[in-house]
Amino acid sequence: MARITLDGIAHSYLPNPKTEADFALRRMDHVWQDGGAYALLGPSGCGKTTLLNIISGLITPTHGRILFGPDDVTYLLTEQRNIAQVFQFPVIYDTMTVFDNLAFPLRNRRVPEAEIKPRVDELIQMLDLGGKAYRKARALTADEKQKISLGRGLVRHDVNAILLDEPLTVIDPHLKWELRSQLKHLHKRFGFTMIYVTHDQTEALTIADRVVVMYEGEVVQMGTPAELFERPQHTFVGYFIGSPGMNVLPCHVEGDRARLSQDFTVPLGRNYGKLTGMTELGIRPEFVRVGATGDLPVTIRAVENIGRHKIVRGHVAGRPINAILGDGDEVPAEPRASFDPARINIYSDARLVTPEAA
Amino acid sequence: MEKTWNNKAWFMVLPVLLLVAFSAVIPLMTVVNYSVQDTFGNNQFFWAGTEWYKQILASERFHEALWRNLLFSFIVLAIEIPLGIVIALAMPRKGWTVSLCLVLMALPLLIPWNVVGTIWQVFGRVDIGLLGHTMEALGFDYNYTQDPLDAWITVVLIDVWHWTSLVALLCYAGLVAIPEAYYQAAQIDGASRWAVFRYIQLPKMNRVLLIAVLLRFMDSFMIYTEPFVVTGGGPGNSTTFLSIDLVKMAIGQFDLGPAAAMSIIYFLIILLFSWIFYTVMTNAGQDRK
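Just so you know, the protein sequences line up as chains A and B, in that order. Residue numbering for the first sequence is 7 to 364, as defined by my numbering. Residue numbering for the second sequence is 222 to 510, as defined by my numbering.
Treat the hints with caution; some may be incorrect.
As the list claims (entries may be wrong) - What follows is a list of derived Cβ distance ranges for each label pair:
#1 A:Gln39 to B:Tyr404: 27 to 33 Å
#2 B:Met233 to A:His321: 54 to 60 Å
#3 A:Arg115 to B:Val343: 55 to 61 Å
#4 B:Ala416 to A:Lys24: 39 to 45 Å
#5 A:Ala148 to B:Asp440: 36 to 42 Å
#6 B:Trp317 to A:His315: 57 to 63 Å
#7 B:Lys224 to A:Gly324: 53 to 59 Å
#8 A:Ser50 to B:Phe488: 53 to 59 Å
#9 B:Tyr404 to A:Asp335: 55 to 61 Å
#10 B:Ala416 to A:Gly75: 26 to 32 Å
Claimed, not checked - Think about it this way: if two alpha-carbon atoms lie no more than 25 Å apart in a straight line, the pair counts; the simulated DSS-like pairs of lysine-lysine are:
#11 A:Lys138 to A:Lys123
#12 A:Lys142 to A:Lys123
#13 A:Lys123 to A:Lys194
#14 A:Lys138 to B:Lys425
#15 A:Lys182 to A:Lys194
#16 B:Lys425 to A:Lys142
Please keep in mind that the hints were generated in silico from the structure rather than gathered at the bench. All residues carry an ideal CB built from backbone N, CA and C; glycine is no exception.
Chain A with its partners taken away, still in its complex shape:
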């Protein structure tokens, strides 16, 4: 077990990267705590897998160092780093039995056979694969195969971290939930550092203590699910997390008011001074109130009933906006919207601005 430190890591797949844009992964400095459960969340092509492969050693970064605990492992080979990785598609050794599959990493490391047997047997119980130990692994279902991929990491008690690269992609929805809770349970029990790559926000928010959101090769926010919801550090985080995502409206900020258009301004409750650059106002649909009173007139486009609440899709000052309406509430004839000032976030060039002290 070890803390993982990324010290100025950057990576480019080009031989001679020159501009920022040549880098698949922009320079980053982060510390991943020992025993933490991290989710790497982001859209396809944002650099999640690149970052994961740098940690596992399948890729050597163009710049920077990576440390496990106090040791620099940047140039160590994968097998010397003592990590485990689970891939998108289950990787099993077809011709081996379940038992042999799980024993394989130990046998390669010349662990005595007498020691392997109890360890693998215990693991088979924990993975709920009892009774299948001596079946050929290729006869199993996709979720069982994926458990074996994971098991080959867990069987080595000394792994520094377990990295999972969208491991539930090929699993049936009803088994996804089960496997996820099993993974969480195993994480608690073994206390390994877990890094879980996904593009599914629900998966990320349920499995991880801390979610790392990536966008265009950068980590734009690293925080608890609550932090990501309440204070997205980047407009992308606001938009990517939540369903529907945060409303982002271009505006001009003047002191403690945001001007959305010629006619409409919104009180912010805090003073931001004078902001330059591209300024935007972010407000989650949960905190937009649509009713008979309010600062802003809304034109309603659609109301979607999604069970416990309704999503109102409309326009404010010519910009599309979503709001969430409680179950009993109705949209009035002349609807108006108001934003909860405490929940408004102001962004300058897509990054969160801290208000001036009052």
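Using the hints, position chain B against chain A.
Structure of chain B alone, referenced to chain A:
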């Protein structure tokens, strides 16, 4: 909607039935027809029953040719399959060298059998051939027209030269289809190079290897052109394989009955061996019951 129940759909398979009938069944039946009759010309046929079959199965000449064939196929498979795998493993996976390798490997496959035979016939000649002359200059007594062992070595060499690349190309196709994640997982599991081959590459090549073994077995068991061109079945009868013997019997001696019976037996042997290979290779690595 009301469903219509009739048997008109059978007319759909009529074209394929006709095609198979004319391309396979009818020619085969004429052979069957010859094999159970005796003829003395003038289109006169007399019923012979299983007589020709008994004669062929009991004949020394047939046994010898059959053993030669089995030995030849065994040697050829034992060389070409491992060699093909090794070449496939050594072939590059990316870059311009891939196309170069593929073209070079495909070249021998594009050469017609009798041309291959002629090339080697000249190549191996002691007086003017590069191989034969070099061997003699080096002090080896190499002469495929006189020494049975030299004749065998030459025929085996021809086959290996001509067909190993087929095995290699098939294996290569199997190898490049293995997802990168398998190699990465093996690396993480600390697998040795041998373990990667034994537990990932070989099992994943299983299917293509089956095809390679079947093709090479059937082809080598039916070998005709190369020994016909190079050695003519000699010296003596040392490279007279079943096919060569069959042609001698049918066209040389015009023994249509025995030749037809031999064709059928020959065909059944190939079928039997192919079935054995198929069953063994598809069942290998299944659950032990």
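Hints versus structure:
1. The supplied range of 27 to 33 Å is met by Gln39 of chain A and Tyr404 of chain B, whose beta-carbon atoms lie about 31 Å from each other.
2. Distance hint for Met233 of chain B and His321 of chain A: a CB-CB separation of about 59 Å, consistent with the stated range 54 to 60 Å.
3. Checked against the hint of 55 to 61 Å, the pair Arg115 of chain A and Val343 of chain B passes, with Cβ atoms roughly 57 Å apart.
4. Taking 39 to 45 Å as the suggested C-beta distance range, the pair Ala416 of chain B and Lys24 of chain A conforms, at roughly 42 Å.
5. The hinted range of 36 to 42 Å is satisfied by Ala148 of chain A and Asp440 of chain B, whose Cβ atoms lie roughly 39 Å apart.
6. Between Trp317 of chain B and His315 of chain A the C-beta distance comes to about 59 Å, which sits within the given range of 57 to 63 Å.
7. A beta carbon spacing of about 58 Å between Lys224 of chain B and Gly324 of chain A agrees with the range 53 to 59 Å that was offered as a hint.
8. Distance hint check for Ser50 of chain A and Phe488 of chain B: the Cβ-Cβ separation is about 55 Å, which falls inside the suggested range of 53 to 59 Å.
9. About 57 Å separates the C-beta atoms of Tyr404 of chain B and Asp335 of chain A, a value consistent with the hinted range of 55 to 61 Å.
10. A hinted range of 26 to 32 Å for the beta carbons of Ala416 of chain B and Gly75 of chain A is consistent with their spacing of about 29 Å.
11. Only pairs whose Cα atoms come within 25 Å are accepted, and Lys138 of chain A paired with Lys123 of chain A is accepted, the gap being roughly 15 Å.
12. With a C-alpha separation of about 17 Å, the suggested pair Lys142 of chain A and Lys123 of chain A falls inside the 25 Å cut-off, and the hint holds.
13. A hinted pair counts as satisfied when its Cα atoms are at most 25 Å apart, and Lys123 of chain A with Lys194 of chain A qualifies at roughly 24 Å.
14. Taken as a hint, the Lys138 of chain A and Lys425 of chain B pair is honoured in the structure, with Cα atoms around 23 Å apart against an allowance of 25 Å.
15. Pair hint Lys182 of chain A plus Lys194 of chain A holds up; C-alpha atoms about 18 Å apart against a cutoff of 25 Å.
16. Our distance criterion of 25 Å between C-alpha atoms is met by Lys425 of chain B and Lys142 of chain A, whose separation comes to about 15 Å.
This entry satisfies every hint, going by the numbered hints stated previously.
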